[in-house]
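Here is what each chain is made of, one letter per residue.
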Amino acid sequence: DVKVTQSSRYLVKRTGEKVFLECVQDMDHENMFWYRQDPGLGLRLIYFSYDVKMKEKGDIPEGYSVSREKKERFSLILESASTNQTSMYLCASRSGTGAPPLHFGNGTRLTVT
Amino acid sequence: DQQVKQNSPSLSVQEGRISILNCDYTNSMFDYFLWYKKYPAEGPTFLISISSIKDKNEDGRFTVFLNKSAKHLSLHIVPSQPGDSAVYFCAATNYGGSQGNLIFGKGTKLSVKP
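Going down the list, the sequences are from chains Y and X. FYI, our numbering numbers position 7 of the first sequence as 7, with every residue one higher than the one before it. FYI, our numbering numbers position 98 of the second sequence as 98, with every residue one higher than the one before it.
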């Protein structure tokens, strides 16, 4: 069974802080993704990576960056947290071949005050 | 511009009856469609998928129908159970395109009443 683990379930940070959200998958998946989920807006793609040290912008990359130094780990970085980044953040991974579904972690609920 | 639309934010159904969740898409390049289920405080879990070469896929109580000419798909749950109460997301992708990124709808909250 695929396991995608997000390091924190809940985080509270102050405006202007640098925030790191960590995600680890145990299935040797090539592709990893960061989404945010907001009420009435569904899931929106922030960044994705299809290989180590590779990254691509999603639909809403502004205010975020990512790091993928190892295949199993994909980090989302909020350079200077703002209140409009209060959200549920979801990491996902999948194999790079065929048409497999995404496997999601349980999410990190981030509150920026 | 929303490429995947779920026009019903919520749906309430009696236990044992059929639940029908609808999804429309605008991009004719989409060739693979998926449904995810999400409980509060958990990540979405994959439910069922369908390729654009099919018009129906069934897995137990869950059936997905695809009408390519109408750019419409639906998820049928029969019979509905209280444990099915969750938010359901429709997603679409073009696997021949940009690494197969999924485009999600905004979700439909299903409530199944005992």
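Check each hint, because a few of them may be wrong.
Claimed, not checked - Coverage of chain Y stretches by chain X, computed from C-beta distances (three or more under 8 Å per stretch; other residues unrestricted):
#1 13-22
#2 103-112
Said to hold, decoys possible - Simulated crosslink set (SDA-like; lysine to any residue; CA at most 20 Å straight-line):
#3 Y:LYS55 - Y:GLU22
#4 X:LYS37 - Y:SER87
#5 X:LYS37 - X:ILE53
#6 Y:LYS3 - X:THR45
#7 X:LYS5 - Y:LYS55
#8 X:LYS5 - X:GLN81
#9 X:LYS37 - Y:GLU22
#10 X:LYS5 - Y:GLY40
#11 X:LYS37 - Y:PRO100
#12 X:LYS37 - X:SER69
#13 Y:LYS3 - X:LYS5
Derived by calculation from the structure, the hints in this document are not laboratory data. The structure displayed is predicted, hence computed values, not measured ones. Just so it is clear, CB atoms sit at the ideal spot from N, CA and C, and this is done for glycine as well.
Each hint tested on the structure:
no., hint, in the structure
1, 13-22, "violated (count 0)"
2, 103-112, "holds (count 6)"
3, Y:LYS55 - Y:GLU22, "holds (15 Å)"
4, X:LYS37 - Y:SER87, "holds (19 Å)"
5, X:LYS37 - X:ILE53, "violated (24 Å)"
6, Y:LYS3 - X:THR45, "holds (12 Å)"
7, X:LYS5 - Y:LYS55, "violated (27 Å)"
8, X:LYS5 - X:GLN81, "violated (25 Å)"
9, X:LYS37 - Y:GLU22, "violated (23 Å)"
10, X:LYS5 - Y:GLY40, "holds (12 Å)"
11, X:LYS37 - Y:PRO100, "holds (16 Å)"
12, X:LYS37 - X:SER69, "violated (26 Å)"
13, Y:LYS3 - X:LYS5, "violated (29 Å)"
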